[in-house]
Amino acid sequence: MQLTNEQQAILNGEQGDVLAKVMETLIKYGEVFGAEKMVPVTGKHNHLVTSFGLKALGPVYDLMDKLIESGNVSKQTFSVDPRPLDKKVPANFLQNFIFNNFMYSRQDFYEKQLSKLGLMEKDAFTCTCYMDEVGNRPKKGDVLSWAESSAVVFANSVLGARCNRNSGIMDIMGSVLGYVPYFGLLTDEGRKATWIIEIKTTKKPEAQLLGSAIGMKVMEDVPYIVGLDKWLGTELDDATCTYLKDFGAATASNGAVGLYHIENLTPEAVESGKDIIAENAKTYVIDDAELERVYKNYPIMWKDQNAKPKLCFMGCPHMSLEQLKSWTDKVEEGLKASGNKKVVIPTVFTAAPGVLEEFEKTPYAARLKATGVITSYICPLMYMNNPLSGKMPVITSSNKLRTYTTARYYTDDEILVQITKGGK
Amino acid sequence: MREFKGRVIAKGTATAEAVVSHEGLNTLASFQKALQFGDKTATCGDQNNKDLFGKQMAGKALCLPQTIGSTTGGLVLYCACSMGRQPACMLFSKPIDSLAAAGAVLADVWLDNISMPVIDTLGDEFLNYVKDGMKITVKEDGTVVVD
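Quick mapping for you: the protein sequence lines, in order, are chains A and B.
So in the working numbering, the last one in the first sequence is 424, and the numbering has no gaps at all.
So in the working numbering, the last one in the second sequence is 1147, and the numbering has no gaps at all.
Incorrect hints may appear among the rest.
What the hints assert, rightly or not - A short, non-exhaustive set of chain B residues, derived as facing chain A with CB atoms under 10 Å:
1) Ala-1029
2) Gln-1032
3) Ala-1034
4) Phe-1053
5) Gly-1054
6) Ala-1101
7) Trp-1110
8) Tyr-1129
Stated by the list, open to error - Computed list of lysine-lysine pairs in DSSO-like fashion (alpha-carbon distance at most 30 Å, straight line):
9) Lys-139/A - Lys-28/A
10) Lys-1033/B - Lys-391/A
11) Lys-217/A - Lys-1040/B
12) Lys-192/A - Lys-1094/B
13) Lys-1050/B - Lys-391/A
Since the hints were derived computationally from the structure, they do not count as laboratory data.
Each residue gets a CB set at the ideal place from its N, CA and C atoms; glycine is no exception.
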């Protein structure tokens, strides 16, 4: 690794032992992947993946204390993934007891640490920090030190920022130091596509299914997607960005995709066209039958496969304002068609606090409330990630939630039927 | 007996019994329960991992292709090391992924008296050959001996 004089001085301990260790950590991390230099983090804000005061992560909080006590806080303010608890979300007595006394008993303590380290503002907790209502939207070419996989893939692909799929802790180390190792998705070479995905469906593919199929096929590689502009158009408007948010999260969770290019749509594909495809790229054709095959192969993790769903989660990643509005219309129409007044399964729509605040200012908020749908800023993954919730029959149209928990996946249309009319 | 040679990610030597996952190890799903509820043997809690679910990981030679899942993976591995519930060594058939690399580096730099040698690029043949219960010896230079 070639270091500048300033970087070498930090490594030598001239700014203290703790910062020297941070430098050593990032150098060693970069060297594993062949990085030859450290480059400045240029994004205005960072975004951290670790939002939860999980009792089991005591050593992480000890490490954060070392940073705080030595004065090595983040050089950028940052947003953080969603909070794990919200009283608005239905939970029984035992769940609440376990959440508050065992699992997330260090939530208040950790949030105080985050404030000291550089939290943007007290409610900057969401996985969709890049939304306008939240205010952490990087510019094209910005170098980031983020870790949340769905945010990384969105920032790289839709916004043209540059960020590797880092782990938690590495994210804050980058913004404490102000430098990250130069490798992978930070480099021009690492951003070239090694897969060509040909979309040959007869209708607009379900974002969460398409992302899942591509993720499982290409794993950590970069796909160049041809034929999707036929369904999405060539403008990155709100509806398309919402689609790409859900699509990208599925590629990142069902595989390990950190960047995708969509012909005629995403910035680097528009700029470079097929020149961004590496030599000898492999091809994967997706048609209706392939999506059906992928869907049918998802394991159902419920003990009783015919159980009546007890909860429905929408919004992993958090829903956009556009999504909250369009789903309000859909739920109302579904209820009208079924003759029901309120949703028949307890349903939670999750979104960033900033998005929910804006939503509340619109007439849609009262209409959605009247359908019985609950809105929340919670992280559905954190809610589900314990033995009690894991046994609950929960349904979702999030492929990320399906992948990491026992929640059962349905397409958006199927979810709408489930919550407005009832299951099969 | 067979010898395999890989790249050293975290230095050290180890001798331990193998536990093998042929699919990616979901670090958060595998370790969370053990870290949360005081299980010092670090029994794998990932129901989706047919090879490892319910098996002890602490003190074992964990043989795997790579890690998968939440990007909290690195810090979960770091916590397992800090709490003394880490595998004796981690042996990757493929090039290590960024999450496992982060965990290995964090433990190496920030924790004293923790030894968890990590070797990667041991090849598909390694993972095809090694079976649960085999004796594994890891040498300083990245040589892995499977008995």
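Exercise. Hint numbers the structure violates, sorted upward?
Worked result: Violated: hints 4, 5, 8 and 11.
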